[in-house]
Amino acid sequence: MKEFFLGNELIALGAISAGARAVYSYPGTPASEILASFMKYAPDRYAQWSVNEKVALEIAAGEAICGNFVLCAMKQVGLNVAADPLFSTAYTGVEGALVIVSADDPGPHSSQTEQDSRMYAMAAQIPVFDPCNPVDAYRLVRKAFSVSHEFEIPVLFRPVMRVCHSRQNFDAEDMETADPTIMFNRDPGRWAATPHYRAVLHDELLKKLDAIALAEYAGRDVPGANRLAVVTSGYPDSIVRDVQREIRLPVDIIPIDMPYPIAADYIRRIEDAYERVLVLEETFPVIENQFTDRRRVSGKSDGTVQSLGEITADDVERSLSAFVKTGAPSRAHVALDAPPPAKPRLCAGCGHRPAFYAIRKAAPGGIYPGDIGCYTLGVNLNAVDSCLCMGASITLAEGIRRANPAKTVIATIGDSTFFHSGLPALVNMRMNNSDIVVCILDNATTAMTGFQPVPHEVSDISIEGLVKGIGIQFIRSCDPYRLGASIELVKEAMQFSKANSTPSVIIFRHPCITHGENMVKKRVAVLDSCRNCAICYRQFECPAIYEDRAANVARIDAAACCECGVCIDVCPFGSIVEAGDND
Amino acid sequence: MKNIIFAGVGGQGVILASKILMEVAMNAGYDVKESEVHGMAQRGGSVDCHVRYGEKVYSPLIEKGTADYVIAFELLEAMRKLEYLNGSSMLIVNNEKIDPAPVQTGLEKYPDDIESWMKASIGRHLFVDTEAALKEAGTRRALNIVMLGVLSNYLEFTVDQWTAAIRSMVKEKFIDMNLLAFKLGRELAAAH
Chain H
1 MKEFFLGNEL IALGAISAGA RAVYSYPGTP ASEILASFMK YAPDRYAQWS
51 VNEKVALEIA AGEAICGNFV LCAMKQVGLN VAADPLFSTA YTGVEGALVI
101 VSADDPGPHS SQTEQDSRMY AMAAQIPVFD PCNPVDAYRL VRKAFSVSHE
151 FEIPVLFRPV MRVCHSRQNF DAEDMETADP TIMFNRDPGR WAATPHYRAV
201 LHDELLKKLD AIALAEYAGR DVPGANRLAV VTSGYPDSIV RDVQREIRLP
251 VDIIPIDMPY PIAADYIRRI EDAYERVLVL EETFPVIENQ FTDRRRVSGK
301 SDGTVQSLGE ITADDVERSL SAFVKTGAPS RAHVALDAPP PAKPRLCAGC
351 GHRPAFYAIR KAAPGGIYPG DIGCYTLGVN LNAVDSCLCM GASITLAEGI
401 RRANPAKTVI ATIGDSTFFH SGLPALVNMR MNNSDIVVCI LDNATTAMTG
451 FQPVPHEVSD ISIEGLVKGI GIQFIRSCDP YRLGASIELV KEAMQFSKAN
501 STPSVIIFRH PCITHGENMV KKRVAVLDSC RNCAICYRQF ECPAIYEDRA
551 ANVARIDAAA CCECGVCIDV CPFGSIVEAG DND
Chain V
1 MKNIIFAGVG GQGVILASKI LMEVAMNAGY DVKESEVHGM AQRGGSVDCH
51 VRYGEKVYSP LIEKGTADYV IAFELLEAMR KLEYLNGSSM LIVNNEKIDP
101 APVQTGLEKY PDDIESWMKA SIGRHLFVDT EAALKEAGTR RALNIVMLGV
151 LSNYLEFTVD QWTAAIRSMV KEKFIDMNLL AFKLGRELAA AH
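Top to bottom, those sequences are chains H and V. Position 147, counted from 1, in the first sequence is what my numbering calls 147; the numbers after and before it change by one each time, with no gaps. Position 100, counted from 1, in the second sequence is what my numbering calls 100; the numbers after and before it change by one each time, with no gaps.
Simulated from the structure, these hints should not be mistaken for lab results. Even glycine gets a Cβ: it sits at the ideal position worked out from N, Cα and C. Among these hints, one or two may not hold up.
Claimed, not checked - Taking lysine to aspartate or glutamate pairs in the DMTMM-like style, the calculated list, with each CA pair at most 25 Å apart, reads:
1. H:2 to H:176
2. H:2 to V:31
3. V:109 to H:557
4. H:361 to H:176
5. V:2 to V:31
6. V:2 to V:113
7. V:2 to V:156
8. V:56 to H:173
9. H:40 to H:58
10. V:19 to H:3
11. H:343 to V:113
12. V:56 to H:315
13. V:2 to H:3
14. H:2 to V:136
Unchecked claim - To give a feel for the contact side, a few chain V residues facing chain H, derived at Cβ under 8 Å:
15. 36
16. 154
17. 155
The whole structure should be built from the sequences, with the hints applied where relevant.
Right, dumping it as structure tokens:
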């Protein structure tokens, strides 16, 4: 039966059909749908949302050294978090199979960086596969499992966002596979290797890499039909083929689906067969840098291909034209001034909005380190001054406070991010008794990436209990819908921290409005006394309130309003009130 | 090869519209690819889907100046996609205005009279008023299917092929409503 599949669904299906018995993941765009798809297509196998990517990869490795076939999925910046076990498992290897998906985001569309995970594969010395479309991802993830099993090595799998979030039709096949043999073979020289044995393992790793490169590339022919070659990898390969169909340049296309390791002999054969070579890959020059005679290789180093951003068909046409020295085909398209942007905002009724508003009100001159999630959008309320990486609101706060002894510093962090990497940061802050207010914005889900579960939702772990356990004395929670109480609570926490030279923690607790049902129902109306001060729609920035310029008043958009009623307390003139039945 | 872009804002059903078109094209025997953007864009931002079908499609993304059809669910979202058009492309627009954040908060103005500007600048265009159709369908959520109905007049597929795809792609209790919405959209184009 032919069906459409998202790239991430086909990555999961490929893993299932290759025999993966378990998947570990932490949500992050564009990798988030892989675990859910695995659960959907293989409900009898094991899937775990782990607390962070390092934890996910270590548990996955634990299973894999016992012989299991395991998938571990994350976004590219998640691999930064998991880099420690990544580098080390390369040495120890695995018994069953371990495939690590690190989804890249050239652009970037929803990430802090546009790093290239293939560089990690080179640095850790493990193979990496780079699929060019969703069906290719299915094929290559199966291959990744087979390489991982045969050579007892963890394998990296790097799809870009345009592979993860593209759809393609595909004939799903039989998913039945034999169960792997599970057994932990005690082998301290491998699993508990000391530096002496590590050197031995490194030697073995290099031999594995040579063998993998040879197995993949020894049998591949170099076409040699033209004098010029375009070497492609991943998503740009799809673009090159579309463009080439149209403009038919005298070039051979040589796809590289495993950008590392490439057999030195294969590189040499390409160099020997062509006068010049163009390498088209996203985002870093991973393949390009493996050529030995770079004088005849064009790409990022000589500026023929851009070194940042997503490669588009326009870019490919430009690069190809420069490479074969033809004029670039010009396409007439409509040019115009950019219209006002449709900026992302916190949803109407989101509990984060009044929490940020309360922080601003209580500490108008403060510095507000923020974190990663929907609530990064607190930047729209001028209540997020920094966003570095997961968990860094708390650590940056400590550094910023050290550097600015006269300033009030209030950090905000979501519940999932707090568990991910905020906890060690808070321990450090408590250990050093920095007088900072940490606000944990608890909406009981991982909202931005599609409502994945959080630890205190699926178990009886308590945020209060954890915070209390590290000796923080001021721990209070408040529903941010209670705006006045929230402002007072922030002030109280600030005073406590200052007086006692110690951190305090506020838990602003309101369930995600988009995930669940709004329990509060307070229909509101704007009175004639409204003087259009703009506080409700600009400073509080509720998407359900807009400016009626002609009438010079604020108005409620009834279709967008979710009746949280918080704006009643936001209006300093009492011009927003709960509506009566007649309104 | 056909290149089709759906454009709207979060919540307008852009992704479902593109999935139904993909289903129709696939069942008609074409190779089909689609690309969409997830993540922060879904919190009130612009949403677009690129759908490409033909004998063989490699890349899911449409190049600027090469779209055959741009179907915009909102006027300003149509403006954002004009660079994908060329001299023979067709622009289909639901002539509704939804204020983006900077306009809603009075910081920027919704551009004046973009409808007549687009009509004067774009060769092939169709601006539809979906208000009556949505009222008859009984819900504003039917906008995506009404727009598919409009588009269906210009593509090579039969009404039966569209109907079969809609039946297989929407929840059972919404099939009748959506088939009505499709029919109303199809007639809407004919009326222009």
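Here is how each hint holds up against the structure:
For a cut-off of 25 Å, the pair hint linking residue 2 of chain H to residue 176 of chain H stands: about 19 Å separates their Cα positions. A distance of roughly 11 Å separates the Cα atoms of residue 2 of chain H and residue 31 of chain V; the hinted pair therefore holds under the 25 Å criterion. A hinted pair counts as satisfied when its Cα atoms are at most 25 Å apart, and residue 109 of chain V with residue 557 of chain H qualifies at roughly 18 Å. Of the supplied pair hints, the one linking residue 361 of chain H and residue 176 of chain H is violated, its CA atoms being roughly 59 Å apart against a limit of 25 Å.
Our distance criterion of 25 Å between C-alpha atoms is met by residue 2 of chain V and residue 31 of chain V, whose separation comes to about 11 Å. For the hint linking residue 2 of chain V to residue 113 of chain V, the alpha-carbon distance of about 30 Å lies beyond 25 Å, and the restraint is violated. Distance check on the hinted pair: residue 2 of chain V and residue 156 of chain V sit about 11 Å apart at the alpha-carbon level, within 25 Å; holds. With a C-alpha separation of about 22 Å, the suggested pair residue 56 of chain V and residue 173 of chain H falls inside the 25 Å cut-off, and the hint holds.
With a C-alpha separation of about 24 Å, the suggested pair residue 40 of chain H and residue 58 of chain H falls inside the 25 Å cut-off, and the hint holds. The hinted pair formed by residue 19 of chain V and residue 3 of chain H meets the criterion: a straight-line CA distance of about 11 Å does not exceed 25 Å. At roughly 22 Å between alpha-carbon atoms, residue 343 of chain H and residue 113 of chain V fall within 25 Å of each other, so this suggested pair holds. Note on residue 56 of chain V and residue 315 of chain H: the hinted pairing holds, with a Cα-Cα distance of about 21 Å set against a maximum of 25 Å.
Restraint check: the Cα-Cα separation between residue 2 of chain V and residue 3 of chain H comes to about 20 Å, which is no more than 25 Å; the hinted pair holds. For the proposed pair residue 2 of chain H and residue 136 of chain V, the alpha carbon gap of about 35 Å is over 25 Å, so the pair is violated. Hint status for residue 36 of chain V: holds, given a least beta-carbon distance of 5 Å to chain H, under 8 Å. Below 8 Å, beta-carbon pairs count as interface contacts, and residue 154 of chain V has none with chain H, the closest being about 20 Å; its hint is therefore violated.
A cut of 8 Å between beta carbons decides the hint on residue 155 of chain V: the least distance to chain H is about 18 Å, and the hint is violated.
Violated hints, in rising order: 4, 6, 14, 16 and 17; the structure is consistent with all others.
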